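Asks: Let the hints inform the model, and build the full structure from the sequences given.
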Amino acid sequence: MDVGIILSIIISMVFVNNFVLSKFLGLCPFLGVSRNIKPAISMGMAVIFVMTLSGLLTWLVYRFVLLPLGLVYLRTIVFILVIASFVQFAEMVILKKSPALYRALGIYLPLITTNCAVLGVTVLNIDTFFVNGKSLPGGLVLTLLQSFFAGIGFTLALLLMAGIRERLDLADVPKSLRGVPIAFIVASLMSLAFMGFNGFRF
Amino acid sequence: MDMKKTLKEFTKGILRENPVFVIALGLCPTLAVSVSLENALGMGLAASFVLLFSNLLISAIRNIVPARIRIPCFIVVIASFVTIVELLMAAFSPQLARQLGIFVPLIVVNCIILGRAESFASRNTVFLSVLDGLGMGLGFTLALSLIAVIREFLGSGKILGHVLFESFPPATIMILAPGALLTMGLLIGLINLITSRNKG
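Just so you know, the sequences run in chain order H and C.
Residues in the first sequence are numbered consecutively from 1, following this note's numbering.
Residues in the second sequence are numbered consecutively from 1, following this note's numbering.
FYI, nobody ran anything at the bench for these hints, they're computed from the structure.
Since the model is a prediction, treat every value here as computed from it, not as a measurement.
Built from N, CA and C at the ideal position, the CB exists for glycine as well.
Worth double-checking, as some hints may not be accurate.
[Said to hold, decoys possible] Residues on chain H that point at chain C, a partial pick, calculated with CB under 10 Å:
no.: 1; residue: L25
no.: 2; residue: L31
no.: 3; residue: L81
no.: 4; residue: A84
no.: 5; residue: C116
no.: 6; residue: L142
no.: 7; residue: S176
no.: 8; residue: P181
no.: 9; residue: F184
[What the hints assert, rightly or not] Below 27 Å or equal to it, Euclidean Cα-Cα: the simulated BS3-like pairs (lysine-lysine) are:
no.: 10; chain 1: H; residue 1: K96; chain 2: H; residue 2: K38
no.: 11; chain 1: C; residue 1: K5; chain 2: C; residue 2: K158
no.: 12; chain 1: C; residue 1: K199; chain 2: C; residue 2: K12
no.: 13; chain 1: H; residue 1: K175; chain 2: C; residue 2: K12
no.: 14; chain 1: C; residue 1: K8; chain 2: C; residue 2: K199
no.: 15; chain 1: H; residue 1: K175; chain 2: C; residue 2: K199
Replies: In structure tokens:
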């Protein structure tokens, strides 16, 4: 596998095709949990964790169960079930093994099941790394990389937004724009800045 | 049951409890597919179909499903209807399926659908749930179309593919990501302004 592919996946997922700012995936937590930096960090960590492992699990299920049995059309149902049960399982394990970590991530885990960024990345993995029903060479590694860095990109956008919104609290925003509307306008300006990364070509 | 109350379950989704503008649910597909009115209508129709049938089925089985595992059950019901839509769309309108792409399977995690299943269909009769599903679906489609009309008009100078002006170049930024977020922010702001004027 050549390093160029790895680099292009990293830059594409974190900057050029940032899940939140250019693909509109995961907007609900992006607006909901970005009021302060601290919860934003926890949420970001939880998303990276769930995305990477769901990416891995769904790839395995697709490659070794759905493809051989010719059940590709059940993809959506199976993936959402895999993600939901994985999140439930992770929640129980973390509660048992590390109460401190549970306090930090706990309430964010169930929310992640319905985060479209997670289902989004699993479907995207399958769409990019399987061609005509065959896995590309090194598909599993590429899948892991793409899922992990999609999570990093989400966290980056979330943290930037949280930083801006902490300062925005002190600003004199017109009454009807307070809250969600101004957050959208800020996100629009951020997305404009991220469009600059489109110049990266490999 | 009196007629007025029944009708209200239908109309609330269109304006008063509009899923997109008032409750701010289902934002991801709203912003991503509102590039053109055609895509918006396709997406609205697909989501309304899923919403209608999942509401119908969930309210029909609401007394059989144990409370503790209801959310996974709802998700399976919703995912099944989404798969039906995916297959139908790929068969009858492959071009639309290509344009909506990843957002067709993502109807599963559209918060509007699970939200209505949990807060309405699991507590009401089949008839009322169907009305609620229709109203919410219509409200979603209307909101989506409104954003799409603004973006398609400003961003590519067209409506439904018909060229409306050619004398100056359209602002391409409106059909890109920043335009979507900006339109959404300003529209919600405008709605807040109107509602606060009406109250005070």
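Asks: Indicate, hint by hint, whether the structure satisfies it.
Replies: Right, here's what the structure says about each hint:
| no. | hint | verdict |
| --- | --- | --- |
| 1 | L25 | holds, 6 Å |
| 2 | L31 | holds, 8 Å |
| 3 | L81 | holds, 7 Å |
| 4 | A84 | holds, 6 Å |
| 5 | C116 | holds, 4 Å |
| 6 | L142 | violated, 17 Å |
| 7 | S176 | holds, 4 Å |
| 8 | P181 | holds, 4 Å |
| 9 | F184 | holds, 3 Å |
| 10 | K96/H x K38/H | holds, 23 Å |
| 11 | K5/C x K158/C | violated, 40 Å |
| 12 | K199/C x K12/C | holds, 18 Å |
| 13 | K175/H x K12/C | holds, 26 Å |
| 14 | K8/C x K199/C | holds, 21 Å |
| 15 | K175/H x K199/C | holds, 14 Å |
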